[in-house]
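J.: One-letter residues, chain by chain:
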Amino acid sequence: MGRFLSWTRKRKMIRRDITRVFSRHTGIGETDFTRLYLESSPPCPIGDFNLQYVAGPDTLEEIFGGLAELTGLPPDKIKSHYHREESFAQFGEHLLRAGAYGDGGREGKG
Amino acid sequence: MKRGWLPVAVVLLMMNAAVAARAEPLAVEGTLFFDRGHYWIELIIKDSGEGNMSAAEWKRNDFEIVDLDNGQSFPPSRVEVAGGDEKESVLLLASGKLGGKKCYRVIIHPASSRKTVIEPICDPFYFSPAPGPSRGREFFRKFIAPAFSTSGKYYRWSRFCYQYDFDAEKSASELNLEPEFDIFGFQFKPRFNQDNTNYLRPPAERREVRRRNLEASLSKSFWGGELRYELETGYRHERSQCDEGSAAEVVYSQSALVEGRVRFDNLFDPVNRHGLGVFKGVDLGLGYAWHDSSTADIWASSAFRGGTLMLKGRFTWTFLGWMQFSYALESYRPRLEGQGFKHFHQLVFRLLLRDVLEKPSRRSYHPDLEVTFQRGRRLPLFEEETRATLGFTFDLYPW
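Protein chains in written order, with the numbering used here: chain A, 2 to 111; chain B, 431 to 829.
Hints are all accurate, no fakes.
Distance condition first, Cα-Cα at most 25 Å in a straight line; then the derived SDA-like pairs of lysine to any residue: (1) B:LYS531 <-> A:GLY48; (2) B:LYS476 <-> A:LEU6; (3) A:LYS78 <-> B:TYR469; (4) B:LYS650 <-> A:ASN51; (5) B:LYS531 <-> A:GLU86; (6) A:LYS13 <-> B:LYS476; (7) B:LYS531 <-> A:SER41; (8) B:LYS527 <-> B:GLN502; (9) B:LYS650 <-> A:GLY57; (10) A:LYS80 <-> B:LYS650; (11) B:LYS532 <-> A:HIS82; (12) B:LYS532 <-> A:LEU6; (13) A:LYS78 <-> B:ARG792; (14) A:LYS13 <-> B:GLY514; (15) A:LYS80 <-> A:ARG21; (16) B:LYS789 <-> A:HIS82; (17) A:LYS80 <-> B:ASP825; (18) B:LYS532 <-> A:SER41; (19) B:LYS531 <-> A:ARG16; (20) A:LYS80 <-> B:SER794.
Simulated from the structure, these hints should not be mistaken for laboratory data.
Same shape as in the complex, but just chain A (with noise of 0.2 Å):
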């Protein structure tokens, strides 16, 4: 069984993994990738972090496997949930939603 979680402690980590699979596979570092598209205001679009720095759809396909073994989520059900219109922010909460996390998650690298 795992340890219990908050949902403010879940919502730390989902953007503490969100910064650092995105940050790994693109060419964008994580304290730029937190400023632009995690704290700026109003909060960047995924669909602009899209045109600027994924190569491809492998890529995306790469992060969405990443996240993966963060969450506990299956790679499909994360990029259901990666819609171009909303922000990183939203992304994590409908992982949250989906149930990342579930069982404890775990805090490894990304």
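Using the hints provided, position chain B relative to the given structure of chain A.
T.: Here is chain B on its own, set in the frame of chain A:
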């Protein structure tokens, strides 16, 4: 009687002093989330070391929730203990008045502590995403993009059909199908393409060529540190019909290749910091191809008479979020064609209209305007090719 109230007064003063010593605001973190069909406010109350109330002591009247949009305030209908330990308590506030796309303020006023206010506690969907402010984008949105609106038209394939006659040189891409499958971790891509291409042959003799090709590739990628590596093997069969006057010449060709590619995007993190000019898809590749051509139909069972070393490089640069340049170079050194390298250049320029103009019906976004230019010699025939295309595309990536 006067002596009777004195002990009571002393006791009251001692109680007030004790309360004053513990009347510090609580350290609280609040989150609004949706679970089990309802919205909840989660409060994490951290232990301040001054004898906090235990989780079970909290009552609904200790809390007041305020809707920041309309100012309405209400107590929670229920307080649940979600978890916690000796360092913190995790409480859930429930109310049928909590909703999505909202921000709230929570006021905690227990008897043992000073009033604590936590705000804003917002639903992530309260904030509507929008591209970052940029004069370049605003200028593009107002004065350039509207000239290319395609309201009322849409296309079925990711590649459009185009014909452009420039000094008797004609090029048309009519059909391109390229599904992709994942088989045991390998990406399998069968591809069908049919197009008409004019080839320029010395001495300035132009012939119209119609090509039909079938292609299949198998690839596997993996990461090593900051770099992405990919190994691909593929086979391609092509039928080219050259029309010259009343005569038609049919040439069959085939090629098989093995190629390794490395992607260097992560090395561009410092360059891509501000999103003004961003590099992506920076790839270098090295490989070898076997090829052959004949006027009789040939397939994989036939021998390959030719072989060539392959060097490939490409990159994409997005400028100000609305212009995108992509360049690719393929270099070959075929044994059968004599000495020296043969080069093939591809340049793609896109105006990124996708999120700026109104999207067509049943489409997620407006197509981009794309101009491509190709020139040089490449597999399988190493004939001089010159090709320019102009039109709209729904394809999200340049290659």
